[in-house]
Every structure is written in structure tokens, then in C-alpha cells.
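Q: For reference, the chains in residue letters:
Protein chains: 2
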Amino acid sequence: MRAYLAGPEVFLPNAREVLDRKIALARSYGFMPVSPGDLTVPETETKYQRGLAISAINESLMSSADLIIANLTPFRGVSADVGTVFELGFMCARGCPAFAFSNATENHFERVSTFYRSDVHLGADGRHRGPDGMALENFDMTENLMLDGGIATRNGAIVTRKVAPDQLFLDLTAFEECLKLAAKRLLKPAVGA
Amino acid sequence: MRAYLAGPEVFLPNAREVLDRKIALARSYGFMPVSPGDLTVPETETKYQRGLAISAINESLMSSADLIIANLTPFRGVSADVGTVFELGFMCARGCPAFAFSNATENHFERVSTFYRSDVHLGADGRHRGPDGMALENFDMTENLMLDGGIATRNGAIVTRKVAPDQLFLDLTAFEECLKLAAKRLLKPAVGA
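Read top to bottom, the protein sequences are chains A and B. Take 1137 as the starting number for the first sequence in the working numbering and just add one per residue. Take 1137 as the starting number for the second sequence in the working numbering and just add one per residue.
Treat each hint with caution, since some may be false.
Copies of the same chain look alike in the list, so a pair counts if it fits in one copy or across any two.
[Said to hold, decoys possible] Derived DSS-like pairs: lysine-lysine, alpha-carbon spacing no greater than 30 Å straight-line:
#, residue 1, residue 2
1, 1298, 1316
2, 1298, 1320
3, 1183, 1316
4, 1298, 1183
5, 1320, 1183
I should point out that these hints are in silico values taken from the structure, not numbers from a laboratory.
Here chain A stands alone, though its shape is the one from the complex (with noise of 0.2 Å):
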């Protein structure tokens, strides 16, 4: 099975080597890993055609995949990489089985929360509400519902895992645990195992 592997990693100045240490990771619990960076980019005329470029090869991997592990750690505030989202919404709407991990494990609510500075209060319709009015989301959820919604209705799980804060987007123990669920629930046993 063809697994894609989505985050922001490919942000991180070292990159390659963090893409190269999840896919070898990926292999050994018997997938065959897609993941972001795989395919060369073409040389395009403008910054905008390169980024239609990206996109497009992003997308046939993941058409290509089937099925997909995300790294929700909040990035840049309170909630997940909007193109890690983006590609986790693609696979399930494709009803590939997603999986998804976050090394942090303050759930949504509690995210939003510390964004609002704690200043939220219970509105006389029972939602709780920022200064700004806008209502947090109170379901015990790692995301926003149709995240974890998703992922749950195709089988798959949530892995979140505190790590310390230098290790946030390097630490592997929580994509190597979706991996381990990701293998006993997708993978048939070797022959003989």
C-alpha cells in the first residue's frame, strides 16, 4: 500500500534528511511511501507557475496513494498546516483510510483557548465564545471536527504525544505509532508470520 506522508516538514531547513527518516520509517512497517518533494519540479517563467507546479505533482501522488498519514502539530498558531489539511480533506474524500499525529496534546478547545489569553466565556446559547464572539469548538477534539471526523470514519486514528518544544517538528515517535496502527489495521501478515 502506497502511503502518503503529509506535513510541514518539507518546511524545515534540514528537510531531506526528516523526509528521508520518515519514509525510511514508512517502509519499515511494510508501506510504500509518497511523500511531498518526491517529484522533480520543472522549470516554470514565474513564482506562480512554480507553485501551480508543486500543487500539481502533490496531487497526483496523493491520486496515486492510498492512504495518507498527517502531521497536525499546530504550525504558525493554533491549528495544523493549512496544506497538510488540505491534502488530509483530498484523501478522505477519496476514502483512503487517514491516519494523523501531533506532537502536542493540549486538545482544540484547550488551543483556542490559550489563543484567546483564557478570556472566553459561556454565551446564553451554550457555546463558548472568544472576546471576539467567535465560538470554540468544545467536543473533545485534537481539530476542528471535520479533521478528526474524518479520520474516524475511515478508520484511522489520532496520535498526539507532548514533546520538548526544540523537538516539535523532528520528533518521530508519534508518526512511528500511526504507522505501527496504521500497518495491524491495512497490512496482511507476511506468509509464514
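Using the hints, position chain B against chain A.
A: Same frame as chain A, but now just chain B:
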């Protein structure tokens, strides 16, 4: 054609009113609108189950729709609401035309630079990086390239517009511009028109 109206308006204190304005506008341009919150959520025992039930309703509404119009206005940070982004990826995978709008005109690179308080340097590899070493996408795009790319390759468009801060999630001018573009590209003129 059924148009799925995705966006963080569902979190507003006057969500129903704003969603109803969007629905009326979509109808006036010839679309059959569906939007999150259109169906009643069944009673559940836990908050988590309620979250799953809402996710399932939204997925079924999307699966009944022919196109998406997504509100990508930055929400609680530098990027769009992740629930909306999941839905955009979902509809792109279904091959549906995708349109989006944002009530902010700064592009992705400018917003992330502001997030880093302009502490951005050009690395030896030709990529701009923040103080955390993470690369900034620099593709003259509104959002992460997966979003702009997914929309562009499905004959869609992203409309951006600067609005007064207190109208960030209320001003529907850019949304209406999306409806105009979508109607022109997707709907046949009425007989005799």
C-alpha cells in the same frame, strides 16, 4: 447546480443570519446552496459523538454538491479556518469547481512575514526563512500552494478584498463576486435570456 458554502461564519454570534444572507445571495445567482448547519444534529451521548455527527452531516452535504465556494479569510492567525480548508480539499478531490474569497488582501508571504514580525532572512538555498528556520512559501499566492493550486486547476478563482476590520466575517462583497464568476463559468443562460 448545488453550491457548498464553506466558511467560518458558522462560529459567528449571528451565524444563522449571515448564513441565510449567503444562501439568499447564492439563490439569486441561480445556485442551489447547501451549507454547514443546514441539517439538524441528532442527539448524542457525548460531545465527541456530537462532533462526529456534525462532520458526517457536512460530508454528506458536500457529497451532494457540485461546487464549493470557500471563505479563506484568515481565521485566528495567518491562515484560513482548517475546517473550511479540509472541505476545499475534499471538494477538489471530487473534481468539483472550487471558488474562494478572502476579506484580506495581503498574500500568504506577506501575512507569514507579519507573523514573524518581518524577521525573515533569505537562506543560501534561495528560500526565505523565519527565525525558527521554517521556509515561507513565496509564490504570489493567497494561501498555501495546495489551496491556490487546487482552485486554479479546477477553473475556479480566488477573490480578495480589503474590508473594515469589524466586517471581516460579515462583508459578503467578495463572496458575491465569486457567485458572479461561478455563474458565468458554470451556469447556462436561461432560455430567452
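Q: If a hint holds in the structure, say so; if it doesn't, say that too.
A: Hints, verified against the model:
1. 1298 <-> 1316: within (18 Å within a copy, 47 Å between copies)
2. 1298 <-> 1320: Within. Shortest intra-copy distance 24 Å satisfies the 30 Å Cα cut-off; inter-copy 50 Å does not.
3. 1183 <-> 1316: For residue 1183 and residue 1316, only the inter-copy Cα distance (28 Å) is at most 30 Å; the intra-copy one is 39 Å.
4. 1298 <-> 1183: between (37 Å within a copy, 24 Å between copies)
5. 1320 <-> 1183: Classified as between: cross-chain Cα gap 28 Å, same-chain 42 Å, threshold 30 Å.
The structure shown violates none of the earlier numbered hints.
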